[in-house]
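Colleague: Just so you know, the sequences run in chain order F and P. Quick note: full-length UniProt numbering has the first sequence finishing at residue 244, numbered continuously throughout. Quick note: full-length UniProt numbering has the second sequence finishing at residue 244, numbered continuously throughout.
In case anyone wonders, no lab produced these hints; they're calculated from the structure. You can trust all of the hints, since none of them are fake.
Identical chains blur together in the list; that is why a pair holds if it fits in one copy or across any two.
PhoX-like cross-link-like pairs, simulated, lysine-lysine; straight-line CA separation at most 25 Å:
#1 Lys-101 to Lys-61
#2 Lys-140 to Lys-101
#3 Lys-61 to Lys-140
#4 Lys-101 to Lys-88
#5 Lys-44 to Lys-61
#6 Lys-43 to Lys-61
Chain by chain, the residues:
There are 2 protein chains.
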Amino acid sequence: MTHPIIILVEPQLAENIGMVARAMANFGLSELRLVSPRNGWPKKGAHSAASGAVHVLEGAKLYDTAREAIADLNYVFATTARERGQMKRVFGPEAAMGEAKGRISAGQGVGILFGRERTGLENDEISLADAIVTFPVDPKFSSLNLAQAVLLMSYEWNRAATGGVLPFTGEMLSPPAPREMVVSFFDYLEAELDAVNFYPADKKPIMARNMRDIFHRLAMSEQEVRTLRGAIRALAEGRRLRKP
Amino acid sequence: MTHPIIILVEPQLAENIGMVARAMANFGLSELRLVSPRNGWPKKGAHSAASGAVHVLEGAKLYDTAREAIADLNYVFATTARERGQMKRVFGPEAAMGEAKGRISAGQGVGILFGRERTGLENDEISLADAIVTFPVDPKFSSLNLAQAVLLMSYEWNRAATGGVLPFTGEMLSPPAPREMVVSFFDYLEAELDAVNFYPADKKPIMARNMRDIFHRLAMSEQEVRTLRGAIRALAEGRRLRKP
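Turn these sequences into a full structure, and let the hints steer you where they fit.
Modeller: Written as structure tokens, this is what we have:
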């Protein structure tokens, strides 16, 4: 196994199972196990909620009990919102998926148990697990939707496994302009401002420096320097045209 | 403002707005702004989907345009799944909320724009923002549900703001047993095993050490030592009873 396995114990709503499949697919997970879904399986409503993550739903395996669903795994996490007084290691999502990454890299099969929408996992089911995962929720409003809980684990798995690579970055499409181009832009700007007596007598040096700092902060690309230079020219020319 | 503001631009489904409110409340966010919801507002279906996060829904403010919804803010993130060719800084959720934490601590108002369920934000709306946030999704399945996107930002805000404190920890309810108690447990166990000739001649020292290592790995609490000692006694006594 190359990823953790998501195991839903007696999920009730087909829509939730579909949203779980979607959340898994968003972060590259695909192995889903269902322990006796309350309303049977397969079930209408799941596919539309999965909005495209059909491969996860169709690959889902059915089991009668949580014990059977984890029989082939080496390490199992149980998710719970509340303390159960069990003497187990307790992880947050990030630490749990860091642990999972290490174990999966070492060839272990890792699973995550999620309980029923209303009542969660039973204590006997939690006692099947090696460790507990809980979420850093606001104690005043701690009930996470099932698909939301699966999403957070999938998100943290993706970050642990791939470093959370973004689909695109903010790298400049064109490189920062060469200093000479920037300085000549400053010269041009200051000359045009001089021509309209923008600078009060003797204030020019300080005012020019301050304005250079504004534009330096932009770290302009070549294209941006050309764009701004064009805008200044348009303002200056336009003025000259207005007074013939 | 002490938290980032969640701004939904033309959300379509009341259920999604409700699930957004729930996701926000899970991680301590409460300020929600709605830009002309497609089917009007307030709308049935939102409350049940919020499953208790009514304070967020009832505090939601309505605006006609994204521009009006962010007018009072100092720094705005725009969320998008795809590159828009805009020359903006691009953040992942964790880095974005780290940035938000610093700005909010400095007294700035920070908002996060989320687009329509199907089409996301328009380029003109994104151009209102200071920076872009995108998610480390699987490129093959990158469409996040609206409430899921809000959940990830809320989760990362909570982690940036509070360090992601868990509702409970795995600290031992009773401290690790004193070494003397552990060693006397070993003596008792080995004596009982001797009594039933468990150890082959001359193998006892190595076998005893290996078994001690198993139990050392448990880092047993006092209660656990008592429990195991009782179990061993029961096995031994039972045996004696069986052969009178």
